[in-house]
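Given next are the chains, with one letter for each unit.
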Amino acid sequence: MIAVFVVPRRERPAGGVGKVRSRAPKEHHIPRPGTRPPAILLARRLGPTTVLLLMAAVAFAVSPLPSGAGPAVTPADCLVVASPSGEEHGFAGTSMTVEAVLSRRGEQIGRRLEVRTQRGTSISVALASDSFVGEPRGGRVLYAQRSPTGGSEIRALSLDSGCNARLMELQDVVRSVLESPADGSLFVHTVVGAERHDGGVTRINPAAGSAEQVVPPFVPAADFGRVYATQLAWAADGQTLAVQSCGAESCVTRLLAPDGNLLTYDTPHGAYVGLTDDTLIAFAADHGRPAELLAIDRRTGIARVVADEVFEAELSTAGPPSLLIETPAGRHEVLP
Amino acid sequence: MKPVSITAMALACLLGAAQVALANQITPISSRDWQQDQLVQYRWKADSVPPDWMQRAINGAAADSNRSRRSKAARLGQRDGSDSWVAYAAELPTTAAIAYASRNAPETFKVWLRTHGHVFDWGVLRWCQFFDSAPNGCFDARTAALHEFGHVQGLGHTSVGPPDSIMYTTSLQKPKAGYDQRDFGACDVAALQTRYELLTASTAVSTCLSLGTSLSFAASATSFVTGGSVTFTAGLKIADGVAHTRLAGDPLSGRTVLLQRRPVGGTTWTTHGQMQTAAAEGSYRLAVSPDGTYEWRAFFAAPANEGLKGSGSAVIRVTRQTGSGSCQSGCVS
Numbered sequence: 001m002i003a004v005f006v007v008p009r010r011e012r013p014a015g016g017v018g019k020v021r022s023r024a025p026k027e028h029h030i031p032r033p034g035t036r037p038p039a040i041l042l043a044r045r046l047g048p049t050t051v052l053l054l055m056a057a058v059a060f061a062v063s064p065l066p067s068g069a070g071p072a073v074t075p076a077d078c079l080v081v082a083s084p085s086g087e088e089h090g091f092a093g094t095s096m097t098v099e100a101v102l103s104r105r106g107e108q109i110g111r112r113l114e115v116r117t118q119r120g121t122s123i124s125v126a127l128a129s130d131s132f133v134g135e136p137r138g139g140r141v142l143y144a145q146r147s148p149t150g151g152s153e154i155r156a157l158s159l160d161s162g163c164n165a166r167l168m169e170l171q172d173v174v175r176s177v178l179e180s181p182a183d184g185s186l187f188v189h190t191v192v193g194a195e196r197h198d199g200g201v202t203r204i205n206p207a208a209g210s211a212e213q214v215v216p217p218f219v220p221a222a223d224f225g226r227v228y229a230t231q232l233a234w235a236a237d238g239q240t241l242a243v244q245s246c247g248a249e250s251c252v253t254r255l256l257a258p259d260g261n262l263l264t265y266d267t268p269h270g271a272y273v274g275l276t277d278d279t280l281i282a283f284a285a286d287h288g289r290p291a292e293l294l295a296i297d298r299r300t301g302i303a304r305v306v307a308d309e310v311f312e313a314e315l316s317t318a319g320p321p322s323l324l325i326e327t328p329a330g331r332h333e334v335l336p
Numbered sequence: 001m002k003p004v005s006i007t008a009m010a011l012a013c014l015l016g017a018a019q020v021a022l023a024n025q026i027t028p029i030s031s032r033d034w035q036q037d038q039l040v041q042y043r044w045k046a047d048s049v050p051p052d053w054m055q056r057a058i059n060g061a062a063a064d065s066n067r068s069r070r071s072k073a074a075r076l077g078q079r080d081g082s083d084s085w086v087a088y089a090a091e092l093p094t095t096a097a098i099a100y101a102s103r104n105a106p107e108t109f110k111v112w113l114r115t116h117g118h119v120f121d122w123g124v125l126r127w128c129q130f131f132d133s134a135p136n137g138c139f140d141a142r143t144a145a146l147h148e149f150g151h152v153q154g155l156g157h158t159s160v161g162p163p164d165s166i167m168y169t170t171s172l173q174k175p176k177a178g179y180d181q182r183d184f185g186a187c188d189v190a191a192l193q194t195r196y197e198l199l200t201a202s203t204a205v206s207t208c209l210s211l212g213t214s215l216s217f218a219a220s221a222t223s224f225v226t227g228g229s230v231t232f233t234a235g236l237k238i239a240d241g242v243a244h245t246r247l248a249g250d251p252l253s254g255r256t257v258l259l260q261r262r263p264v265g266g267t268t269w270t271t272h273g274q275m276q277t278a279a280a281e282g283s284y285r286l287a288v289s290p291d292g293t294y295e296w297r298a299f300f301a302a303p304a305n306e307g308l309k310g311s312g313s314a315v316i317r318v319t320r321q322t323g324s325g326s327c328q329s330g331c332v333s
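Chains A and B are the protein sequences, given in the same order. Number 336 marks the last residue of the first sequence (this note's numbering); no jumps. Number 333 marks the last residue of the second sequence (this note's numbering); no jumps.
Chain A with its partners taken away, still in its complex shape (with noise of 0.2 Å):
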C-alpha cells in the first residue's frame, strides 16, 4: 500500500563548500516496512510539531481517465513497480513528450505532458511552468506539480494503464524526483520558502511511510550566485546518487555514498555527463559548446581534461566505461 502523505517543510541549515567535502558516514534509518508507525518516523526525524502525516484511507488518489478512454482502469493498474533494472521491458508502443505551453506573445504559461500508454490511450496533463517530469521508467513518468495548497504533490502515470497516481505531497516546491532502482523509494529535491532556497534532497520510502533529508541544502559560495538547476542522477552502479547544483558560471556537484557518506565536488565544472567508479565526467565550467569534456578524479578532484571541443557527450557502463562524443570532426569513442 502506498500512503499519500505530507512532508513537511525545511528549515535552511548552514553550510558551505570545499574542495572536496566529505561528510562522514553516518547510520541511515530506512525502515522494514511494518516497524514503525510512519507517523512515528516522520516525527522523530522531522519534528513532531511540524509532521503531517496522512495516511490517507485509500491508497491513491486517482484521476479519471479521459472520456472516451481506453479499458477501464483500477487504483491496481497504478501499482506498476519500477523494474530494479530500469528497463523498459514490457512497454514497447508508449511514447511520452513534454513541451511548453506558451501563450500567443510567447510567454510560458504552463507545459503540457503527453503519454501514449501501452493500451492505446493517449493521455494529456497539464502542468504548472514549475513543475517536474521524469524520465519514463518501470512502466511510470514521475512527475511532480505544484498543489493547491501552495506546496506540491508527486504523482505517477502509468505507462501500461495511463492511471494517474499521487503519491505524496510535500510541503515545500519540488524541482525533481529520482526513483531508486534498488528499492523504489524516491529522491526529492525541492526548493524552499519565497526566496527559494535550496532545500536539500529528501529520501521518500513510500511503502514504509518513511521520510529522511540526504543531502542537505546547497548553500552555495558568495561567488556562486544564484543556483539556476539541480540534476538528480544515479551513477551506473544505481547505488551513487549524484547530486548537481549548477548556477551560471559553474556547477557543484555532491556524490551521495549508499552509506551515506557525502562527497562534494567544486572543482569547476559543467553540465554532468556521468559517474563511473573512478571519476565524475562534466563538461568544462559552461561556456557553451564545444566545450572540454572533463574526467574530475573522484578521490582527489582533481580535473583532467578527456576531449576539447566537445558538443555532445554520453558516458556507457555497459561495458568498460567509454564516453561517446561528438566534436567537429565528427563522433567517436574515448576512455574518460
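In case anyone wonders, no lab produced these hints; they're calculated from the structure. There could be a bad hint or two in this list.
Said to hold, decoys possible - In the DMTMM-like style, the derived pairs of lysine to aspartate or glutamate whose C-alpha atoms are separated by at most 25 Å in a straight line are:
(1) 174/B x 52/B
(2) 45/B x 223/A
(3) 72/B x 309/A
(4) 45/B x 333/A
(5) 176/B x 107/A
(6) 72/B x 183/B
(7) 45/B x 83/B
Assemble the complex: chain A is given as a structure, and chain B must be docked to it using the hints.
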C-alpha cells in the same frame, strides 16, 4: 563579475591606469575561426520561432554585433533558409542558462533563448522586452543575444564586467549597470581584433590592448637650397614583434602623426606640423620648406582612446646647401 574585480577595475580607471589594467583582461577566444568578414546568416528554428518582440531583440543584437565588432569578425544577419538558427525554447542543452550558443565555425551556429516564464530553481525568467514597461529583475534579451553572438564569434566568458565586456559570466538583471549594454566591450573587441584583425586600417584599436607601434620615415631629399621643399613620408604600423601576431605589421591610418625637428646636436624636439594621411594605408606625408638644417623625425604619441603605444621614427638630417656650388645628390630646389 566578482565584486572585488569590479572594485579593482573602477580604481584602476580612476588612477588612469585602465589601459594597463585591461591589457591583461582580454576576453578569451576560441581558436576556431570564421573567415574574415564572413557573412553568417541564421534562420528561426522551425519549431521554436521566437515571438516578434524576441525576434526584434535578436536581430537588434546582430546589428549591435556588426556595428561594434571593430574587426573582421563574422557579420551576422537573419535570413530564412539559412543553415544556422536561433531558437526560442523551454529546453536548452544546459539547464543552467537563460541563453546558450553552440558554434561550429566556419560552418554553422545555434543559439537558444529560453522562453519567458521558464522557472529555474531561483525563480521565473522574465525578459524585459516582453513588457511595455520592463520591471526590475528582468533580463534584457537584446543584451543576452549579443552575449550569445559573442560566443558565436568565439568569445568565451570573462570576469570583466560591463562596459569592458559583455561576456561576463552572469547575465545582469535590470537595473544593474550594464544589464542593457548594446556593444561589445573593449576587451571583447580586443579579442576579436587579435583574432580577425582590425576592420580597416583606421579602426580604433581596443583600449583593452596595448600594442607597440613602429614608424618608418623617409625624406624626398636630404639636402636643399633655400626656398626648396622636402616631402617627408611616414608609415605607421603595429609593431612586428607584438604578441598578437595576426595584428603584427598591420598598417594604421587616420592617426595623428607629427613631423618633428630639432637642431643638429639638439635634444629637444619641436613639432613642425601634423602629417597628412596619404593614399596608401598607414602612410602619412608632409611637404615642408625648411629654413635651415635640421634633424627630422615622425612621431606618434600614444593616443588616449586606443590601445596603442607611441613610437618615434629614425632620424633624418636634411641639410641646407649654401653658396652656388653644384648640388649634391638628393638636393632639391
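Hint check results:
Among the hinted pairs, residue 174/B with residue 52/B is consistent with the structure: their alpha-carbon atoms are about 21 Å apart, no more than 25 Å. For the hint linking residue 45/B to residue 223/A, the alpha-carbon distance of about 35 Å lies beyond 25 Å, and the restraint is violated. Between residue 72/B and residue 309/A the alpha-carbon distance is near 23 Å, which keeps this suggested pair within the 25 Å criterion. Restraint check: the Cα-Cα separation between residue 45/B and residue 333/A comes to about 30 Å, which exceeds 25 Å; the hinted pair is violated.
Restraint check for residue 176/B and residue 107/A: satisfied, since their Cα atoms lie roughly 24 Å apart, inside the 25 Å limit. Between residue 72/B and residue 183/B the alpha-carbon distance is near 16 Å, which keeps this suggested pair within the 25 Å criterion. For a cut-off of 25 Å, the pair hint linking residue 45/B to residue 83/B stands: about 10 Å separates their Cα positions.
Hints 2, 4 from the earlier list are contradicted by this structure; the remaining hints agree with it.
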